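Chain residues, written in single-letter form:
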Amino acid sequence: MDLGALTLNPPVLVASGCGGTGRELDALGGLAGLGAFVTRSITLDAREGGPAPRIVGTPSGLVNAVGLQNPGIDQFLARELPWLAAHDVPAIVSVAGSSIGEYADLGRRLGRSPGVAGIEVNLSVPDAAGLNIFDAREPFSAARVIAAVRRDLPRGMPVLAKLGPQSNRIGESARAVAEAGADAVVVTNAVPALMPDGRPGGLSGPAIGPLALRCVYEVRVALPDLPVIGVGGIACAADARAFLAAGASAVQIGTALLHDPTTAVRIAAELGGDPS
Amino acid sequence: MSSARDPLHVTGEVLSVKRIGAYRHLTLVAPGVAERSRPGNFVAVSVGDLRPRSHQTRLSYWIHRVRNTGSHGATIEIIVEPRGAGSQWLTGLGQGSRVDLTGPLGRPFAQPKEPVSCLLVGEGHSAAPLFPLAERLRERGCVVSMLLAASDEQHLLAALEARRSARSVTVVTRDGSVGRSGRVADVLPELLAQVDADVAYAAGSVETLHAVAAAAEAHGAWSQVALELPQPCGTGLCNGCPLPVVGEDGVARIVRACHEGPVVRGDRVRWTALLEGA
Chain A
0 MDLGALTLNP PVLVASGCGG TGRELDALGG LAGLGAFVTR SITLDAREGG PAPRIVGTPS
60 GLVNAVGLQN PGIDQFLARE LPWLAAHDVP AIVSVAGSSI GEYADLGRRL GRSPGVAGIE
120 VNLSVPDAAG LNIFDAREPF SAARVIAAVR RDLPRGMPVL AKLGPQSNRI GESARAVAEA
180 GADAVVVTNA VPALMPDGRP GGLSGPAIGP LALRCVYEVR VALPDLPVIG VGGIACAADA
240 RAFLAAGASA VQIGTALLHD PTTAVRIAAE LGGDPS
Chain B
0 MSSARDPLHV TGEVLSVKRI GAYRHLTLVA PGVAERSRPG NFVAVSVGDL RPRSHQTRLS
60 YWIHRVRNTG SHGATIEIIV EPRGAGSQWL TGLGQGSRVD LTGPLGRPFA QPKEPVSCLL
120 VGEGHSAAPL FPLAERLRER GCVVSMLLAA SDEQHLLAAL EARRSARSVT VVTRDGSVGR
180 SGRVADVLPE LLAQVDADVA YAAGSVETLH AVAAAAEAHG AWSQVALELP QPCGTGLCNG
240 CPLPVVGEDG VARIVRACHE GPVVRGDRVR WTALLEGA
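First to last, the sequence lines map onto chains A and B. All letters in the first sequence, in the order written, are residues 0 to 275 by numbering that gives the first Met the number 0. All letters in the second sequence, in the order written, are residues 0 to 277 by numbering that gives the first Met the number 0.
Honestly, the hints are just simulated from the structure, not real lab data. Just so you know, these numbers come straight off a predicted model, no measurement behind them. Watch out, some of these pointers could steer you wrong.
Negatives, chain B to chain A, calculated, CB over 10 Å [said to hold, decoys possible]:
| # | residue |
| --- | --- |
| 1 | Asp5 |
| 2 | Thr56 |
| 3 | Arg137 |
| 4 | Gly140 |
| 5 | His154 |
| 6 | Arg162 |
| 7 | Ser164 |
| 8 | Glu216 |
| 9 | Ile253 |
| 10 | Glu275 |
Take a look, some chain A residues computed to stay more than 10 Å from chain B by CB distance [what the hints assert, rightly or not]:
| # | residue |
| --- | --- |
| 11 | Glu23 |
| 12 | Arg39 |
| 13 | Ser112 |
| 14 | Ser140 |
| 15 | Ala192 |
Some but not every residue of chain A turned toward chain B, in silico, with C-beta under 8 Å [unchecked claim]:
| # | residue |
| --- | --- |
| 16 | Leu24 |
| 17 | Ile54 |
| 18 | Thr254 |
| 19 | Thr261 |
The C-beta atom is built at its ideal place from N, Cα and C for all residues, glycine as well.
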């Protein structure tokens, strides 16, 4: 799969927020030979994240309220990106901002940083309001964010728009972000949910697989030429093939890595052996 | 690129499940994991049936013992308290069952370069990693004393075994069913002074670890505490086990208990923040 200057080969990526800094996954053999590594969402300033418990199990899923813990763009560029850049896997940096201006700043900083293979714009943080993240659920708002990130990026640097799981409007959102300059859409994110203690969180894992699959299908029908990266509940090669059959050009592996850190490389190997 | 120090994700095999009081003692064949482990390392076990995987989070257990069985090579032993659905699934496995696990994980206990006096404080099944530590410390010429604590005799781990590993063993139970009646904090200052401890190692509840860190500091000793916070993945991937600390640069930050810990210096933990979140 080609996105500007970036080739995703194999079409299997690590999903944002599920691969640590990359070093931990690499130590477990879970990074080599993947199409790309997507970082956890990076914000302009460092964030401590939410209190414990941050993740709870549910039937076939997880609810997380990690709260976008990250070291901020300066520390990320100084400490984490050099390691990723030195390794043989393209680094796609996920970004989230409290305003359109912040998204634009993040895009500007990353666009001139060696080692950044692409930018994934997180437009669907499940608890955006609680985390003071710009609410980009409306297609118009999502398009404004993408346009702001796109503006100062070098040519060929791909921008991926990560959309939420509202399947009734996802085609509309995909069209808006594509017209604003997104090279691909990532479908979908964790589903807004509640932690058992009443805090907002996001549900992920096999429990949302069919929902994510439907979102991929909706985008494919609405925009046959727009590359779609499917994510949500993929735990084995058969799941990945279902997403590819529904219209995805590539897949991301997230929650499954938390119980088996070798899931992504296994799926990549199995898809390589049988590309059907 | 994987190195000999890196953890492994393997399919293990259950060799035996035995009852020890309120706990279950599991012996597992986990190729390569035992050989790499050091006292204070743990394993993260994927629980639940494989397809579909009903449980997405994993359970972490201290590596209690590493033994060479001969026929199966090196095995690891873990202590499990069957409480929730995941631990009940695990302890219900029969001999020969397969189980996916990752290990050895986490930062192990730092050990002194010189032979010093060490007090090892363990509470309930959390005392599991202290037994291999006691042996390593004795090999280094350290004077090893142990304080084992539990709510009652059923929840006391391996007190007899401790007497083989340590010069002195003190037992406290909250109900007084065995040893002295009370809690760790009740006997700690007296014991630290009695053995003139240079280092206190502890594994137990957050409250107990806090008590050990505070008493050690008051006594002028170093402390190493093994935190047992919920770890959804155990591998550093998910940021789900926040641990508030003060770094060596003096800056307060949140680290991952599973990766930057779970063994940390007691004076580095921001205990108030941790207890508020517990």
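Of the hints stated earlier, which fail here? 1, 2, 9, 10, 11 and 12
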